[in-house]
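Sequence order for the protein chains is B and G. Once you know that position 106 of the first sequence is 306 in the working numbering, the rest is easy, because the numbers rise by one and skip nothing. Once you know that position 29 of the second sequence is 36 in the working numbering, the rest is easy, because the numbers rise by one and skip nothing.
Any given hint could turn out to be false.
To be verified - Below, simulated DMTMM-like cross-link-like pairs (lysine to aspartate or glutamate); rule was C-alpha separation at most 20 Å, straight line:
1. G/70 / B/303
2. B/209 / G/46
3. G/66 / B/303
4. B/240 / B/285
5. B/240 / G/46
6. G/107 / B/244
7. G/115 / B/244
8. G/10 / B/244
9. G/107 / B/258
10. G/10 / B/258
11. B/240 / G/16
12. B/209 / B/258
13. B/238 / G/22
To be verified - Only part of the chain G face toward chain B is listed, based on derived beta-carbon distances under 7 Å:
14. 50
15. 54
16. 113
As the list claims (entries may be wrong) - If you want the ones that stay clear, here's a sample from chain B, every Cβ over 10 Å from chain G, calculated:
17. 216
18. 219
19. 226
20. 260
21. 262
22. 263
23. 266
24. 267
25. 273
26. 278
27. 285
28. 286
29. 292
30. 294
In short, the hints are calculated from the structure, not lab data. Keep in mind the model is a prediction, meaning the values are calculated, not measured. Each residue gets a CB set at the ideal place from its N, CA and C atoms; glycine is no exception.
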Amino acid sequence: DTEVTQTPKHLVMGMTNKKSLKCEQHMGHRAMYWYKQKAKKPPELMFVYSYEKLSINESVPSRFSPECPNSSLLNLHLHALQPEDSALYLCASSQTSGSSYNEQFFGPGTRLTVL
Amino acid sequence: SQKIEQNSEALNIQEGKTATLTCNYTNYSPAYLQWYRQDPGRGPVFLLLIRENEKEKRKERLKVTFDTTLKQSLFHITASQPADSATYLCALANSGGYQKVTFGTGTKLQVIP
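Given only the sequences and the hints, what does the whole structure look like? Please build it.
Right under this line is the structure:
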């Protein structure tokens, strides 16, 4: 199984709502990533988890709260978002072996619209 | 600050020709340079990786070159097909293990039958 799944595919939320994005992989990868991608722009790294611990936070606002409950799951909790947070949110995973490059496998993304 | 630029936002070529995409970077010393393909509404898909000490890599109809002096990579698709139409992203990483990957601006390739 070389697939990263993300749910939901689409999400519309108001600025006062609380919602969560979910990501799952069963490739045995111990690194998981969240990216944000605005239209016609490249993906921008938000968070990296390695062995279920937060390793990188790219100065993301606290209204985005990541969680890695186990090695297969990654969540992104959303609260009090702004309309400018509307974007495609991509999850990815990779191995963490040694000093060599580890290919990242991306999910299909969740299209988020904040009203 | 680090900057990764791809030569054009869009590139149209005739089917059967070779498409050449360019990736230039500044203020970066990457250990790895990768190329990804992204279709509309989908996540990027990894295509090829080249390391800083390699000059060229090939995979089927794809070829990547890496010039660390010029700080440039060229990505070639030979005998292009309409199915190759997509956005192509170059990406840089400077470490192994789990990577902090920075993506370029992307080039949307359209192969015209």
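Outcome of the hint check:
Proximity of residue 70 of chain G to residue 303 of chain B is assessed by CA-CA distance (about 18 Å); at most 20 Å being required, the pair is judged to hold. Restraint check for residue 209 of chain B and residue 46 of chain G: satisfied, since their Cα atoms lie roughly 16 Å apart, inside the 20 Å limit. Pair hint residue 66 of chain G plus residue 303 of chain B holds up; C-alpha atoms about 16 Å apart against a cutoff of 20 Å. Only pairs whose Cα atoms come within 20 Å are accepted, and residue 240 of chain B paired with residue 285 of chain B is accepted, the gap being roughly 15 Å.
The straight-line distance between the Cα atoms of residue 240 of chain B and residue 46 of chain G is roughly 12 Å, inside the 20 Å bound, and the hint therefore holds. For the suggested pair residue 107 of chain G and residue 244 of chain B, the alpha carbons sit about 10 Å apart, so the restraint of at most 20 Å is met. Between residue 115 of chain G and residue 244 of chain B the CA atoms are separated by roughly 18 Å; this keeps the pair inside 20 Å, and the hint holds. This hinted pair checks out: residue 10 of chain G and residue 244 of chain B have alpha carbons roughly 13 Å apart, not beyond 20 Å.
About 10 Å separates the Cα atoms of residue 107 of chain G and residue 258 of chain B, which keeps this hinted pair within 20 Å; it holds. The straight-line distance between the Cα atoms of residue 10 of chain G and residue 258 of chain B is roughly 16 Å, inside the 20 Å bound, and the hint therefore holds. For the hint pairing residue 240 of chain B with residue 16 of chain G, the CA-to-CA distance comes to about 9 Å; that is within 20 Å, so the pair holds. Distance restraint check for residue 209 of chain B and residue 258 of chain B: the Cα-Cα separation of roughly 24 Å exceeds the 20 Å cut-off, and the hinted pair is therefore not satisfied.
Restraint check: the Cα-Cα separation between residue 238 of chain B and residue 22 of chain G comes to about 30 Å, which exceeds 20 Å; the hinted pair is violated. A cut of 7 Å between beta carbons decides the hint on residue 50 of chain G: the least distance to chain B is about 3 Å, and the hint holds. For residue 54 of chain G, the shortest C-beta to C-beta distance to chain B is roughly 10 Å, which exceeds 7 Å, and the interface hint is violated. Satisfaction of the interface hint for residue 113 of chain G is found here, the shortest Cβ-Cβ separation to chain B being roughly 6 Å, below the 7 Å cut-off.
Under the 10 Å C-beta cut-off, the non-interface status given to residue 216 of chain B relative to chain G holds; the minimum distance is some 28 Å. In this structure residue 219 of chain B is separated from chain G by more than 10 Å, as the shortest Cβ-Cβ distance comes to about 20 Å. The beta carbon of residue 226 of chain B is kept farther than 10 Å from every beta carbon of chain G, the shortest such distance being approximately 17 Å. Distance check for residue 260 of chain B against chain G: the nearest CB is about 14 Å away, which clears 10 Å, and the non-interface claim stands.
Listed as outside the interface, residue 262 of chain B is consistent with that label: its C-beta sits roughly 21 Å from the nearest C-beta of chain G, beyond the 10 Å cut-off. The claim that residue 263 of chain B is not at the interface with chain G holds, since no C-beta of that chain comes within 10 Å of its own (minimum 22 Å). The claim that residue 266 of chain B is not at the interface with chain G holds, since no C-beta of that chain comes within 10 Å of its own (minimum 14 Å). At roughly 17 Å, the least C-beta separation between residue 267 of chain B and chain G is larger than 10 Å, which holds for a residue marked as non-interface.
Annotated as non-interface, residue 273 of chain B keeps its C-beta farther than 10 Å from every C-beta of chain G; the closest such distance is 17 Å. For residue 278 of chain B, the non-interface assignment is confirmed: its Cβ lies about 19 Å from the closest Cβ of chain G, beyond the 10 Å cut-off. Taking the minimum C-beta to C-beta distance to chain G, about 18 Å, the non-interface status of residue 285 of chain B holds against the 10 Å cut. No Cβ of chain G approaches the Cβ of residue 286 of chain B within 10 Å, the least distance being about 14 Å, so the stated non-interface status holds.
Taking the minimum C-beta to C-beta distance to chain G, about 7 Å, the non-interface status of residue 292 of chain B is violated against the 10 Å cut. Annotated as non-interface, residue 294 of chain B brings its C-beta within 10 Å of a C-beta of chain G; the closest such distance is 6 Å.
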